[in-house]
Amino acid sequence: MNTIPEQYDTFADFADGKSARLARVGVRLEPAVAPDRLHIGLPDGQAVVWPIEDIRQLPDQADRAGLVLSADDDQVSRLFLHDEAVIKALRGLAQNLHQRKPVQNKFRLFKWAIAAVASVALIVMVLVPVMADQLARILPPEGEKALGDTTYENIRTALNETGIAPLKVCETPAGLAAMRKILTRLNPDDDLPYKIQVDILDHEMVNAFALPGGRIVFFRGLIEAAENPEEVAAVFAHEIGHVVNRDPTRDALRAAGSIGVLGLLFGDFAGGTLILFLANSLVNATYSQKAEAGADVYAHGLMSNAGLSPAALGTMFERLRAKHGDAEGLVAHFAAHPALSDRIEASISAAEGFESTGPVLTPEEWRDLRNICGTSHIIEGTGAPTPNTVRDGNGNGTKTGGQFGSGNKLLPAD
Amino acid sequence: MQQDLDTEYAGRKPPLFWLAVRTGLLTLLTLGLYRFWMKTRLRRYFWSAVKPGGIPMEYVGDPWEKLLGFLFAVVILSFYIGVVNLILMFFSFTFFQNNFAAYALSFAGVLPLIFFAQYRARRYVLARTRWRGIRFGMEPGAWGYTWRSVVHWLITIVSLGILWPRMTFWLEKYRVDRTFYGDQKMHQGGRWTMLIAPMKHAYFGFGTSAAILFVAISNETPALLGLFVFTVPWAIAGLTYWRAHSFRRLAETKEVGGVGFASGVKGKQLFWTYLGGYTLVFLSLLGGLMLVFITFAAVFAGMFGIASIFENFEIMATSKQLPVWAITMLGIAGYFGMFLFWGAAKYTFVTMPIVACFAQTLRLTNPAALTEINQRARDEFAEAEGFADALDVGAAL
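So the protein sequences, as listed, match chains Z and C.
In terms of the numbering used here, the first sequence opens at residue 583 and continues consecutively.
In terms of the numbering used here, the second sequence opens at residue 7 and continues consecutively.
One or more of the hints may lead you astray.
Claimed, not checked - When the alpha-carbon atoms are kept at most 20 Å apart in a straight line, the in silico EDC-like pairs for lysine to aspartate or glutamate are as follows:
#, chain 1, residue 1, chain 2, residue 2
1, Z, LYS683, C, ASP68
2, C, LYS260, C, ASP68
3, C, LYS274, C, GLU261
4, Z, LYS600, C, ASP12
5, C, LYS260, C, ASP12
6, Z, LYS763, Z, GLU947
7, Z, LYS600, C, ASP385
8, Z, LYS600, C, GLU386
9, Z, LYS683, C, ASP189
10, Z, LYS688, C, ASP189
11, C, LYS191, C, ASP68
12, Z, LYS693, C, GLU386
Simulated from the structure, these hints should not be mistaken for laboratory data.
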């Protein structure tokens with residue numbers, strides 16, 4: 583027989599929400615006569631009537647065979663239904679089974695959301711950088727050196743492409759001697775409480791960076807991309823500028839503060855470290871642009887005092903800009919450097935009325951420096967170095983790789 | 007006198023897995039915002055799977071409430087973490103010349119907070135749990151829990167872990183003695199020494215492993231470490247034995263309003279469930295990776311012809327012919343996909359079966375006393391479990 587029953591009668595369990603007693607109740611549904619209510623007959627003879635439109639089903643329940651129901655206005659009583667037929671009928675009649683409670687107090691939520699964002703922004707953009715600045719100044723030299731050494735080892739390991747051992751340090755004695763000669767010419771010792779230590783890492787990236795404690799790292803790619811030793815000297819001076827201004831130390835301290843706070847906000851969904859990294863990059867970038875400009879200014883001064891043209895910095899940038907393009911807009915913001923054209927201009931204007939007191943390296947020394955990473959990277963035709971002129975293009979085919987860690991690099995990486 | 011109430015378990019693997027995957031995906035797509043909904047929905051499923059006397063437990067937590075609590079915690083914690091981390095890093099390098107001290111100090115600075123957050127999280131979860139319509143609850147007492155935890159941990163560490171049962175008992179007692187079901191306060195009886203026996207296999211396993219290590223190092227006979235093959239599995243099995251039997255002893259001595267508890271959970275059960283569970287997780291992860299690889303190969307074949315797969319296997323492996331953005335997208339999708347899959351597989355193959363082990367062997371004694379237990383008022387909890395959410399600690403579920 584296929585008739586739809588006029589009345590459903592079954593037993594179910596009922597919790598009235600006043601005590602932990604479980605009552606066995608009679609449930610009646612009359613779709614034809616009274617489709618708008620569910621009749622619940624309690625064991626003591628009394629009855630509870632639930633309007634059908636108010637009945638809600640508990641969501642995400644494990645037991646698919648049964649149905650746990652509540653009435654919208656009554657928060658605590660529950661009906662535990664097991665009868666298949668009644669459940670089916672009820673699903674057909676009750677339209678609001680899956681309706682959810684509307685969000686309470688949206689305004690309060692909104693208020694706290696704003697507070698949270700403002701709080702994090704305040705800490706990360708203002709409080710932490712200010713404190714990092716103060717602390718960087720009073721960190722003792724031994725502490726800075728230790729910080730630098732630790733970071734150096736981390737970076738070498740991170741950059742290694744073979745993934746087996748940390749990146750090789752280029753140590754050809756003649757090349758190192760040439761580097762030392764450049765350093766002696768620049769003579770920054772009076773400005774620092776510790777000695778500058780320079781390393782060249784065997785990697786094709788065209789970049790150089792400074793670490794806390796006077797450690798400066800060049801990449802082989804930058805030495806290869808330079809056309810004459812004055813350009814290397816200019817980069818060297820720029821990095822020394824970062825060390826003198828305590829930029830790397832400030833950066834490390836600031837990162838320590840920000841990463842913790844940003845980690846709070848994003849939680850650990852699926853190891854959200856990528857998002858964290860991006861967020862940190864963004865914060866980092868604004869900060870470092872001032873640092874780069876400051877290091878440039880120092881470099882111009884140091885070069886002039888050493889009798890070398892500050893324009894060397896500009897010519898290198900010019901060449902690299904022709905190769906990589908000027909990073910404006912969002913990319914510039916991310917890439918932690920002022921727009922290249924500004925820096926080129928600044929470099930050239932610093933060189934106005936300047937007279938050189940002789941080249942910083944002899945041609946032989948320059949060749950030694952270029953081969954510092956061993957014979958596997960000998961550059962063709964390393965004859966006399968080409969003098970400083972503003973020119974385009976210089977195809978050295980280097981792949982610059984990605985960004986890593988914090989700012990204080992010389993140039994943007996692709 | 008009514009018979010004891012048995013507990014049914016209604017959880018099933020397929021619906022849980024898909025719930026975890028769906029909610030996990032939404033969490034990713036919303037950059038983590040959906041995680042409050044994900045947790046709530048998963049809890050609803052897990053809670054409703056446990057059915058003492060055939061009536062499911064109920065979780066009534068509200069995701070919006072959780073979100074609000076989280077925002078509240080961020081405001082307070084961002085200051086603490088931002089400033090404290092920075093200062094600790096500074097002192098670490100000033101005095102210790104390395105950053106290990108910074109991490110250690112940072113951890114020490116945050117540790118008390120973790121205990122605080124755990125107590126508050128448990129309080130929130132209990133306050134939003136119901137059975138037979140009656141609310142659970144917990145008294146305030148987070149600071150008391152915090153300092154007690156620190157002290158107990160110190161004692162345990164000083165005793166090289168031997169006094170672990172002592173810490174377990176006293177912290178459990180602190181929590182349980184502040185727990186309510188309806189208007190009745192729960193009570194943890196027994197003495198800490200009753201937890202020594204459940205620890206026996208763990209003591210043996212870890213003890214012998216440590217002894218072997220000591221002898222091997224001082225006599226410089228690394229061959230002795232081969233004995234680890236026996237002692238390490240024993241130690242691990244000892245841990246599951248401890249979990250099962252400490253739960254039993256603690257359950258038997260709990261009571262609320264005259265209702266008691268009994269548990270028949272076995273260490274063996276837990277051990278094989280963990281072993282089997284994690285094996286299945288790894289296998290399914292491998293399966294997933296293979297699927298990704300095959301899809302990748304199929305796409306490649308579709309773009310460049312099937313023969314090229316075999317000819318240019320290296321090229322396919324290094325993906326020089328696909329555009330950079332495609333590689334990046336695949337990489338990111340793969341990375342997040344792995345995490346998502348791992349999480350869902352763990353819930354399905356490990357968490358749920360373990361909960362089932364405990365649930366199915368749980369009995370309520372003297373259930374007649376339940377009729378005397380009345381409702382308690384709702385606990386309006388401003389910050390929900392915000393601190394636990396922000397610090398990423400708190401319940402596994």
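Violated constraints from the hint list, given by number and in increasing order: Violated hints (numbers, rising): 2, 3, 4, 9, 10, 11; every other hint is consistent with the structure.
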